[in-house]
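For the protein sequence lines, the chains are A and B, in the order given.
Heads up: the first sequence is residues 6 to 223, going by our numbering.
Heads up: the second sequence is residues 560 to 793, going by our numbering.
Derived from the structure by calculation, the hints contain no laboratory data.
Hints are not guaranteed to be accurate.
To spell it out: a stretch of chain A is covered by chain B in this simulated footprint if at least three of its residues, at any positions, have a beta carbon under 8 angstroms from a beta carbon of chain B; those stretches are [what the hints assert, rightly or not]:
1) 8-16
2) 176-184
Label-pair ranges, simulated between beta-carbon atoms [said to hold, decoys possible]:
3) B:D740 to A:S53: 25 to 31 angstroms
4) B:L619 to A:D64: 52 to 58 angstroms
5) B:R731 to A:E199: 37 to 43 angstroms
6) A:S154 to B:H736: 36 to 42 angstroms
Only pairs whose alpha carbons sit at most 25 angstroms apart, straight line, appear in this in silico SDA-like list of lysine to any residue [unchecked claim]:
7) B:K625 to A:E146
8) A:K7 to B:P626
9) B:K625 to A:Q202
10) A:K7 to B:H622
This one's a predicted model, so the numbers in the text were calculated from it and none came from an experiment.
Even glycine gets a Cβ: it sits at the ideal position worked out from N, Cα and C.
Spelled out from the first residue to the last, the chains are:
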Amino acid sequence: MKTVARSMGISALILAGFAILGTGLVAVTHTATQDRIAAAQRAALEASLNSLVPVDRYDNRVTEDRLDVVAPEWLGTDQPVPFYRARKAGQPVALFATPVAPDGYSGSIQLLIGVYADGTLAGVRVLAHRETPGLGDAIEERRSPWILSFTGKSLANPPPERWKVKKDGGVFDQFTGATVTPRAVVGAVRRFLEYVQIHHERLFAPPAASARESGKHE
Amino acid sequence: MSEITYRNILRDGLWTQNTALVSLLGLCPLLAISNTVVNALGLGLATLLVLLTSNVTVSLVRHLVKPEVRLPVFVLVIACVVTTVELAMHAFLPGLYTVLGIFIPLIVTNCCVIGRAEAFAFKNRVAKAAVDGLAVGLGFALALVALGALREAIGQGTLFAQADLLFGEFGRHLTVHLLDDYRGFLLAILPPGAFISLGCLLALKNVIDARARRRAETRPVVAAAPATPREAGT
């Protein structure tokens, strides 16, 4: 009995030793890489923001001028959605956010939308989706120019009732064999623009007043 | 596998016992990620690195670990190695990390990793375990890349598309367009295409093996025939 307990004890110690060593290794790697990972994520975000609004249009550090908003009905997700604000000499220039089109053909479509302070779209891009390859994936910029058709649009152009795909009486093209996907994207962009219009003042407010504030509306 | 020589280890890992083409292990990442050469190469290299490191570590500690607790220790070692590789990849190859996503942490569940630890590394010297990890990893990576090349060529008509994810700016020039104005063949990109392509690869391997066997059987006759004229020539 005693020897069994003893050998079990030794095994447990060995296992514990490996657990500690392994956790230590992961912790060290995590500390060593976390700055680089954060920098890489920021660089990727900046690169995609700059594809919507040219760098020379603003002069602040967009990725640090951030406001988290929770508005499931408008932004398509119950998670906080970060809003990044671009300013020039303190004046609001544009706003970027990553709302979600929750009603894609196979799950949510994550969007990146840039909108100028006057309400016109700087552009829309798709960050992540699981739409059918070859049909719904034409929402990707590298597959089709469709997503570029949003650039320059606003809630006044076209009027809100025409913010639909052509099949539903709107102005936006659908794809052959895929209506659900563009319909979801058009709807999400329209809701986002409406949200920005309603909360314009708060969303563009200077960072000091609203820094890191979490919007509780809706 | 009566005698374990480096030659045998290499041959088994790369061809005779190829994880992907013979044992059919690790099919989940194999089928999911093999839609382009670059994705396949990225996951293949990550798996290779994990196999090599875990084999060496397991072989190093094989006298320390009692057989009763070896499996939990293997799992720990593999999980730590995979997490480290994942963090490193996130830091240094963020673009590729985004594409491979969940399949990097899933290397933990690739049974060929723990299989090699149990079947080979735990019983052999460090150098042999390292060569085995390298051979098996390379075999897996090569099968993955072959599958990726087949699917990308048929599905998109390109090779090495988006190579910049793996090689940086330099990679942009690597993309090869096989045909101008190729409309793409969707089936090859979709999951069924993965199964069909893997089936074709397996068939190809069996054909090659069968040929080799037939040649081996008839070798005495074939080898004798060309020997005479060469002798006559000199």
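Identify every previously stated hint that the structure contradicts and give their numbers, smallest first. Violated hints (numbers, rising): 2, 6, 7 and 9; every other hint is consistent with the structure.
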